[in-house]
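Student: So the chains spell out like this:
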Amino acid sequence: MTRMLIKGLDWIVGRFTRGRHVLRKQTILKIGLITVFLFLLITILAQYSWFTPYDPVYYRDAPRLEGPSITHLMGADQLHRDVFSRVISGGKASLIVAFGAVALSMSVGSILGWISGFTGGFLDRSLSLIMDAIYSFPSMILAITLVAMFGAGIGPMIWAVGFVYIPTYFRVTRAEVLQVREATYVEAIRAVGAGNVRIILRHVAPNTVNAIMAVSSFNLADAILTVAALSFLGFGLPPPAPDWGFDIQNGQKFLQSGSWWLITFPGLMIIALSLGFGLIGEGISDLVNPKRKRKRV
Amino acid sequence: MGGISRYIAQRFMLTIPMLLILLTLVFLILRVMPGDPVSAMLGGRNVSPELMDEYRHKMGVDRPIPVQYIEYLSGILHGNFGKSFRTNKPVVTELFTRFPATLELAFFGLFFAAIFGFGTGILSATRADQPIDHVVRIFHIGSFAIPLFWLGLMLQVIFAVRLGWLPVASRLGGRIAFTFQSVTGFYLLDSLLGGNTKVIADVAKHLVLPSITLGFAQAGLLGRMSRASMLEVLDQDYVTTARAKGLKERVVIMSHALRNALIPIVTVFGLQFAILMGGAVLTETVFSWPGVASFLVRSIEARDWPAIQGSVVFIAVFISAINLIVDITYSFIDPRVRY
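Chains A and B, in that order, are what the protein sequence lines are.
So in our numbering, spot 124 of the first sequence is number 124, and the numbers just go up one at a time.
So in our numbering, spot 42 of the second sequence is number 42, and the numbers just go up one at a time.
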């Protein structure tokens, strides 16, 4: 199964890289990609009732607060629901918000970074100061405050978490623009008559792709944790829906009585998914900067 | 004026525009973005539009934005953040009574992170590519992926509920809390001044799990950085010289390599502190720690607008101050940045 996945992965990546086998010997990257792929697959399938052993929301026949057993692999909660079914379908909000937020911050941050780097002068200086200010502020507190402002739910969470990451992309692209702007080859094509838009699209953007891919993988890993924290604090999906962060908050009430399974399993899912994205980031960083791997930083 | 005092003065002047931008940002987020505080506060409850308008007037949010902005800034300058709706006390008082709790937690969190991070970092750098190095590195990478609140809860389950070694939450045990007199707000300091060993032990026990929880993610980051930095330093000629002189390996690592390896790590401490404050929100919530961050969460739940704004401003000022201090400290360690 794993071997097939790796072969498939190799083939797909090969399509995008004109047949170069970039994944060869990139164990970390492969583990990350497979983890994330499995999570996506399970989460999508678990939205259909035939995939989960019991209905995550409406099933009410498990013994109340029973520990893990053969019929209920991860035990049951106080409302007689099957924890396993809830856990495998509980990643929906996390994944949607993480991808949405990163897409949002990537587009806004990169565009601002390009504009700022290219224009220079007062605009550049003030934008940089604003971005530094956002960056210096604790991202978790910023996200919570924004969600409090926008209201709970998936949409507001995308805006809040996305806003927090904008400075990261701004910095990466701006630094790249500043470097490319002065390069001799850019001067040359400018002399031939290329405009700013062409320079950005043909020369700046391709140069930033590597850095942005690594940064966004790390951001996805962080976003999974942030979304879990927001749901844990009660700013996520409304109650009956299965969600890891919210289910952990629910399990907290029964912690004193020793019901460890209510918090343990959703937490392990969060860790595995976040780690998956983190490993992709590590792998991409190794890939674009082979020195880094040799030095084993 | 000497080099160092000029640098401090310059750095201080730079903090002012930065802080102003941060405060303006807070204002913009809370006042100008869609949804005003009154509808956020009363929204969902069945309130007549007249009452909403009355509240708007009372809070001053019906005035033009520039006027509000000036009032907001002058309020901050005078240390006046308004009154909390929930507790009906001035927000500043609420924040300052809670601040020592947060600071105490942050200090011990960072302390744990430093010991654990540097320890594992040095361990794996000196045994590069041996099995222990691989284990430590997996731990370093994995520590980023662990949600703080979950770690806190798991520690509670294991060490408080199952084993019963440590208390589950809060800063003091029930009976001691009844008689405990706090002078500074830093309980460990207070208990040490009081000299009662029972109280000192109780306060210390309550600090263990929250500090580990808060410091854990930082420990991974510090460990990773100190490993990388240590590996770099161990390659230097002066380390080879020290070894050739016949010094003990322990002396080579501790006094020759480590001191130089630590320099680049100090720079990240400022940023670390911002992350630490974010982590404090979750740690304080899980451990019912009566600090600034849990006050913010409680205020958000209660839609207590002056308290939310006050807490966020307070944290912004605090972070700017920490960054200033870290930069100045760094200029002492590495004099090159002053010029």
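FYI, nobody ran anything at the bench for these hints, they're computed from the structure.
No residue lacks a Cβ here, since even glycine has one placed at the ideal position from N, Cα and C.
Careful: at least some of the hints might be erroneous.
Said to hold, decoys possible - The calculated label-pair distances, taken between Cβ atoms and stated as ranges, are:
1) B:D235 with A:D55: 58 to 64 Å
2) A:L123 with B:R127: 48 to 54 Å
3) A:L123 with B:V251: 27 to 33 Å
4) A:P68 with B:T184: 26 to 32 Å
5) B:I115 with A:F254: 58 to 64 Å
6) A:Q47 with B:K198: 43 to 49 Å
7) A:I42 with B:W165: 48 to 54 Å
8) B:V266 with A:R60: 52 to 58 Å
9) B:I328 with A:D55: 39 to 45 Å
10) A:G258 with B:G119: 53 to 59 Å
11) A:I42 with B:L166: 46 to 52 Å
12) A:L123 with B:V67: 49 to 55 Å
Student: If a hint holds in the structure, say so; if it doesn't, say that too.
Tutor: Okay, the hints, checked on the actual structure:
Checking the proposed 58 to 64 Å range against D235 (chain B) and D55 (chain A) shows it holds: the Cβ atoms sit about 59 Å from each other. Here the CB-CB span from L123 (chain A) to R127 (chain B) is close to 51 Å, well matched to the stated 48 to 54 Å. The hinted range of 27 to 33 Å is not satisfied by L123 (chain A) and V251 (chain B), whose Cβ atoms lie roughly 54 Å apart. Distance hint for P68 (chain A) and T184 (chain B): a CB-CB separation of about 47 Å, inconsistent with the stated range 26 to 32 Å.
Look at I115 (chain B) against F254 (chain A): about 34 Å separates their beta carbons, and that is not inside 58 to 64 Å. Evaluation of the 43 to 49 Å hint for Q47 (chain A) and K198 (chain B) yields a failure: the beta carbon distance comes to about 55 Å. I42 (chain A) and W165 (chain B) have their C-beta atoms about 37 Å apart, which leaves the hinted 48 to 54 Å range violated. The given range of 52 to 58 Å is respected by V266 (chain B) and R60 (chain A), whose C-beta atoms sit roughly 56 Å from each other.
At roughly 60 Å, the beta-carbon separation of I328 (chain B) and D55 (chain A) lies outside the given 39 to 45 Å, and the hint is violated. For G258 (chain A) and G119 (chain B), the Cβ-Cβ distance of about 32 Å falls outside the hinted range of 53 to 59 Å, so the restraint is violated. Between I42 (chain A) and L166 (chain B) the Cβ separation comes to about 36 Å, which falls outside the hinted range of 46 to 52 Å. In this structure the supplied range 49 to 55 Å is violated for L123 (chain A) paired with V67 (chain B), their Cβ-Cβ distance being about 27 Å.
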